[in-house]
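K.L.:
Below, each chain spelled out in residue letters.
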Amino acid sequence: MTQTAQADLTPSPLRDERVGRNSVLARLFARPEMGAVSGAIVIFLLFFIIAPPFRSAGSLATVLYVASTFGLMSAPIALLMIGGEFDLSAGVAVTSSALTASLFSYEFTVNVWAGVAVALAVSLAIGFLNGWIVVRTGIPSFLVTLGTFFMLQGLNLALTQTITNQVASPDISEIQGFSAAQKVFASSFTIGGVNIRTTIIYWIVVVFIATWILLRTHVGNWIFSVGGSAPSARAVGVPVAKMKIGLFMGVGLLAWFTGMHTLFEFNTIQSGQGVGNEFVYIIAAVVGGCLLTGGYGSAVGAAIGALIFGMTQQGIVYAGWDPDWFTFFEGALLLGAIVLNTFIRRRAEASR
Amino acid sequence: MTQTAQADLTPSPLRDERVGRNSVLARLFARPEMGAVSGAIVIFLLFFIIAPPFRSAGSLATVLYVASTFGLMSAPIALLMIGGEFDLSAGVAVTSSALTASLFSYEFTVNVWAGVAVALAVSLAIGFLNGWIVVRTGIPSFLVTLGTFFMLQGLNLALTQTITNQVASPDISEIQGFSAAQKVFASSFTIGGVNIRTTIIYWIVVVFIATWILLRTHVGNWIFSVGGSAPSARAVGVPVAKMKIGLFMGVGLLAWFTGMHTLFEFNTIQSGQGVGNEFVYIIAAVVGGCLLTGGYGSAVGAAIGALIFGMTQQGIVYAGWDPDWFTFFEGALLLGAIVLNTFIRRRAEASR
Amino acid sequence: SSTGGKKAAQGGEVVSAGHASTPRYTIAMITHAAPGDTFWDIIRKGASAAAAKDNINFKYSNNDDPTQQATLIQDAINAKVAGIAVTDPDPQAICPTIKKAVAAGIPVVMFNAGVDNWQQCGAMEYFGQDETIAGVAAGKRLAAAGARKVLCVLQAQGQVQLEARCAGVKQGLGSEGTMEKLYVNGTDSASVQSTIAAKLRQDKSIDAVITLGAPFAIIAIQSISQASSSAKLYTFDTNAEEISKIKSGQVQWAVDQQPYLQGYEAIDSLWLYLTNGDTIGGGQTVLTGPSFIDASNVAKVAQYAERGTR
Amino acid sequence: MTSRPGHQDKTAVPLVRLADAGKNYGSIIALSGITLEVSAGDVTCVLGDNGAGKSTLIKIIAGLHQPSTGSYEVEGTPVSFASPREALELGIATVYQDLAVVPLMPVWRNFFLGNEVRKGLRMDIGFMRRTCKSELLGMGIDLRDVDQPIGTLSGGERQCVAIARAVYFGAKVLILDEPTAALGVKQSGVVLKYILQARERGLGVIFITHNPHHAYPVGDRFLLLNRGRTIGYYAKEQITRDELTGLMAGGGELEQLSHELEAMGGAAADAAQVLGEDVQELGIARRPGSGE
Amino acid sequence: MTSRPGHQDKTAVPLVRLADAGKNYGSIIALSGITLEVSAGDVTCVLGDNGAGKSTLIKIIAGLHQPSTGSYEVEGTPVSFASPREALELGIATVYQDLAVVPLMPVWRNFFLGNEVRKGLRMDIGFMRRTCKSELLGMGIDLRDVDQPIGTLSGGERQCVAIARAVYFGAKVLILDEPTAALGVKQSGVVLKYILQARERGLGVIFITHNPHHAYPVGDRFLLLNRGRTIGYYAKEQITRDELTGLMAGGGELEQLSHELEAMGGAAADAAQVLGEDVQELGIARRPGSGE
Ligand SMILES: Nc1ncnc2c1ncn2[C@@H]1O[C@H](COP(=O)(O)OP(=O)(O)OP(=O)(O)O)[C@@H](O)[C@H]1O
Ligand SMILES: Nc1ncnc2c1ncn2[C@@H]1O[C@H](COP(=O)(O)OP(=O)(O)OP(=O)(O)O)[C@@H](O)[C@H]1O
Ligand SMILES: [Mg+2]
Ligand SMILES: [Mg+2]
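Chains as they are written, first to last, in our numbering: chain X, 12 to 363; chain D, 12 to 363; chain L, 508 to 817; chain W, 5 to 296; chain F, 5 to 296.
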């Protein structure tokens, strides 16, 4: 029988013979969001080349604006999904908060800030309720929030109808405090002739905070753990229920903010609005590398996902493609971006 | 130190002292679908009491019809979900198959059966494609089918436009073979003055077959295993990829059938149709006890889920509730049914 | 040797009125249409026909979410188009962006929706009809026809123009009768059919059903027979199949606001302005309806409907 | 024995005390009528056949389950834990048989999960990564990279992380459910060392194992379970290792095994002999000159 | 030894043959330069420290992974398995360390998963449930109910299901990755019996364990791994158990442990003595009259 030479058994601190050389590219693509980045770059170049209007700074500002309206929500949704839960009511929740604010200030003709405050309370309450039902009953959040989705959608319509006898909220631009609120929630500034919405700034801030929480604080650690394996997390003493409720309320918080933006951007809000957006948020998060099963993902990735979505949506318009084919292209580009993203990550992992 | 008497170590074949008495109710509620059944009963009674028109045999037939149109799809979707995958393109796939059949026979003015055959091929192809991309790329099916969802939606509209330059398929009721096809896919018979759609029969048959496969054949065993733990299934030699692709094609098959029904029921198809139904199917499956994470559920449950959905949708109308509140009630009832369902199962498990 | 099919339908070529040699302008049309809606399909046909005639590079885009629609207008501004034709279902939401366009020196015409606000928004012209006006007209005529209890079927929830139509009907009926709304899931024929049938069963006193889109009228026919109700069927908007149903008497009449005309005029007027500085209507709304298609005039319309321009 | 510091507290109230505790999962009775005391500086070995109820027992003590019957006291005060967190706060650290790790998370995040070291609002990541690495080295596990997802570690490596974690945070009571199951000879030795050190430090230790060679040397008391019931509760003085092993194996069944094989006759005989050898190793009957 | 039937085949081509095989996970080199032969009627023990690469090695043989380097032959013909199914079809059955069971599925469905017994189109459920129950009883596991989800079984019970399954279906080669890790004394004995029986039947067996008491009696050959490399490949004749254990433990490190403790002095000394005892048990240095 063969008898190979005795290998040294002591760990070598300098260089571990059990680790191959590790290319920079590889280490880069280990991060969950890098795949999405490559997707974003490709789509950007695509439209930059084929759609001249897309190149103007103004257009880019618009694209960024659209992306920001999705991105503001996709950040907390990403955290929620990393925490292992869904929220299908997020889209209409935005509308609910806007409606609450405007109907409240309109009905009682009080300063809009009162309405804004009430809306905040309501949004947080919705988030809390979602979370509470999920943790108390153990029903998958997909179902729970689907229920609340229908209920909110119904409430939005019904209450608006009963209060205003129409399906859109009344114009509140005349009510006291409106202009101030507008400054806060829906203003814009101009750099080099390009008009930039403040939401873009807010978006960046939110993503930054989310990322910081996720990677630098113990809360982030707990979010990953409740999503990755709730029983294990519970066993080592992570307050699973609290975490999940908190994540849902986080979604509520930004639903409120986004709602306020929509309200003060357009002075009014249609009660049917927001339906379907919940998926845009989820898509953004997942394209950005979040696992649907939880426990893995990043806020930056979700932001890039939102950007991809925004670019696609606007880019198709700028490219002037036949609107009949709009959804087709949207789907094709989306799928393309994801496949590319996965493909590249695979290659990187293999080659490293 | 205490020293308790030596317990007998030999297994007692007659009565296992380690098993408490086990109530019938408890054993009943161990089945995944039983929760849904209770939900269905409650909702049925609710409307039976408050909505007189709901009681007539005719109304029930209508309810069953609606339920069957959902149920025909929710069965394969349930199998797919037990197998651990989603299909968000199922709703539009139905429309795609209907459009294919009608446009094909219209464009080439051939016997509708030719169109029907082509539609079948296309539907299966779509299912195969979904499955193939999922297993090849390892991208979550939620995303892949979301992509195909958009693409099909786009194709439906775009192709209909280019071929008929309208947004609806042309009336094919004049084309040869139509009446025969209608007999097969969209006929009805009358029992005791009540007009009953054949889809209801088909529905029952499909559910029966699905259940049989799931519980009595090795294929069913494999479906549970690929959903419950794909790596383990693979390790013991289950052909995971084949199974998943097969499940997607199963969805394709019934999407084709449902599409044919819609086509021959209404002679023409709006290209925008079917959007949103994918969720009705999933809801039905999950309300029926399927886990979103896969590996657990039943076809019967999905059928009952579809029934619950159909009853809710129609019942609200029969009850004549304020239409503005329609969606709200829909959501409330849905959530109610689920909570009840979970609650009862819990009680049963605890009490047993 | 089969009847029907494309061969049978041959010969319905779309209108083409010569071809202008004026410079090629890019004009954007932005509507609040939901994709795949027959009514908007006809509007677009009209617009494309005008564009073809006027040598115009025609860019159509649509989104039923006002905020998104506003973004689409912004896109058009960014793209520096020569003119914009836009619908305005939600003035507060959309006017600001339209004003931007005007400020950017882009001529804007409005059509189909926004009749009350088009001047304030800074549009040059308005083509079309207020949904409410159409509704009122329909309501009046229903009352005349002796309808006492009208069921107004909305294929989507929370859409301004649909709500406006039903509100109009109610207003038109006045004291003569009552109107009740019914929401149906427009993307699912089976459930549309069953839901309407269910409603008719639930309330036997309904003697008139009015749908807000041609396809739903077709489906409603089956519902009515299914519920063995005696209610008569009326509808807004038209398509080929529905016209034939009017012929056969299964549908009493359809409110027609001539969508083709709206689309055509919107583009054509912009072309006239760009090439010749003309404006139509002298600052007044140009109404394209409401007109009614019933047994008396259906024959005339039928052939156009066949090719999908009416 | 009585010289060990832990043993002053022998007289004092036990750290953990279960009286007549039981646990049902639905209709399944996993555990019934268990009485157990763990004092400071005292190692209690819970031994028993597969499915005897050992893990269930420690899950009750760890606060993961509530006992269906009976009472549970910590340091004399009755408790009923809603979650393991409460047990942890009372200084009861546990290594679960299924390890309770989050596969997708890096090793160091798992190590400190629930006990993150904070520096103001943020975590002191540098410190945590260093500590994790060194604690594992201390167990003879030389990780390539503490950022490797723990799911990609080998079974034993994963187990070592769970143990190191519990030992690092264990304050008063340390519960180990088959900690040496997947461990190499060296690592097992380290674990036994840790148990003894913990005892020295006056912790109460509950140690579950199937290996009498591991149980007997370190244990002070032995609780034997079978089919969810107590079949014996001994102090070390009261029992020899052979008796212990005998009870663990459920009587003479092992010898029977070898007899069976001999019965097979012919070629099997030699195998039987080998097995016989092994049977001795398993400590049932030791003849002189065992082994080879 | 040479009397055993399996051993005619010694001259014939080995059932399984790895030549200079290696495996990388991304940048991580888990295994390199492994050469291994398994002949019919031959038990090969793969031994080594945690993270040495044992599981990786058997995953290659089982067809779960493809070797990154080197060649793999089954009965003389080079193979490269795309999936474990292909290996199974060649009669290579495996018990994985992570057991490869589907937690939500009933015990009997797991037992027959991938090898369902059919009666026409349908499965022969009655037979499968009976067989499952009896096979497990044969291992000393008396299940309450074979319809219990396997996820609710105890660690050891679950492991027994996996083993019973492999033994039941194993045709030519039987691979066991730490099968006795979570097992009780009795069950371990049964597993060893199974291994010997398999050998009798002329199967090739690959047996991974950390327990020299289990490895030595049943093994014909011993492959020692460390940090992904072979550090020794012996026939039973070439090595004593003590040498074996020594190599497994990585040299004198264990004695070092006890010395450490003695260094702690005082109370620790006695502990050190206990550990010392244990060290002997672990077979490093056997003095006469070990144990008590
Ligand atoms: N999927 C993977 N990705 C990265 N590294 C891995 C993966 N699987 C195993 N490894 C590494 O390869 C090495 C060998 O793992 P393996 O499971 O073969 O060890 P082992 O000998 O079975 O250890 P044990 O005795 O603890 O089971 C380990 O250091 C582990 O960290
Ligand atoms: N969640 C559960 N549901 C139903 N039965 C369970 C559950 N958990 C454990 N059991 C049963 O309770 C009994 C005791 O399980 P436990 O895990 O405590 O055994 P154990 O002594 O730890 O065995 P091992 O030595 O194999 O780990 C087992 O027979 C098991 O089948
Ligand atoms: Mg256990
Ligand atoms: Mg291993």
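There could be a bad hint or two in this list.
16 Å max Cα-Cα, derived EDC-like pairs, lysine to aspartate or glutamate [said to hold, decoys possible]:
hint	chain 1	residue 1	chain 2	residue 2
1	W	K137	X	E185
2	F	K176	F	E204
3	D	K253	F	E90
The hints are simulated quantities; they were obtained by calculation from the structure and are not laboratory data.
K.L.:
Now tell me if each hint is right for this structure.
P.N.:
Okay, the hints, checked on the actual structure:
Our distance criterion of 16 Å between C-alpha atoms is broken by W:K137 and X:E185, whose separation comes to about 63 Å. Between the alpha carbons of F:K176 and F:E204 the distance comes to roughly 12 Å, so the proposed pair stays at or under 16 Å and holds. A distance of roughly 15 Å separates the Cα atoms of D:K253 and F:E90; the hinted pair therefore holds under the 16 Å criterion.
Going through the hint list in order, the structure does not satisfy hint 1, though it satisfies all others.
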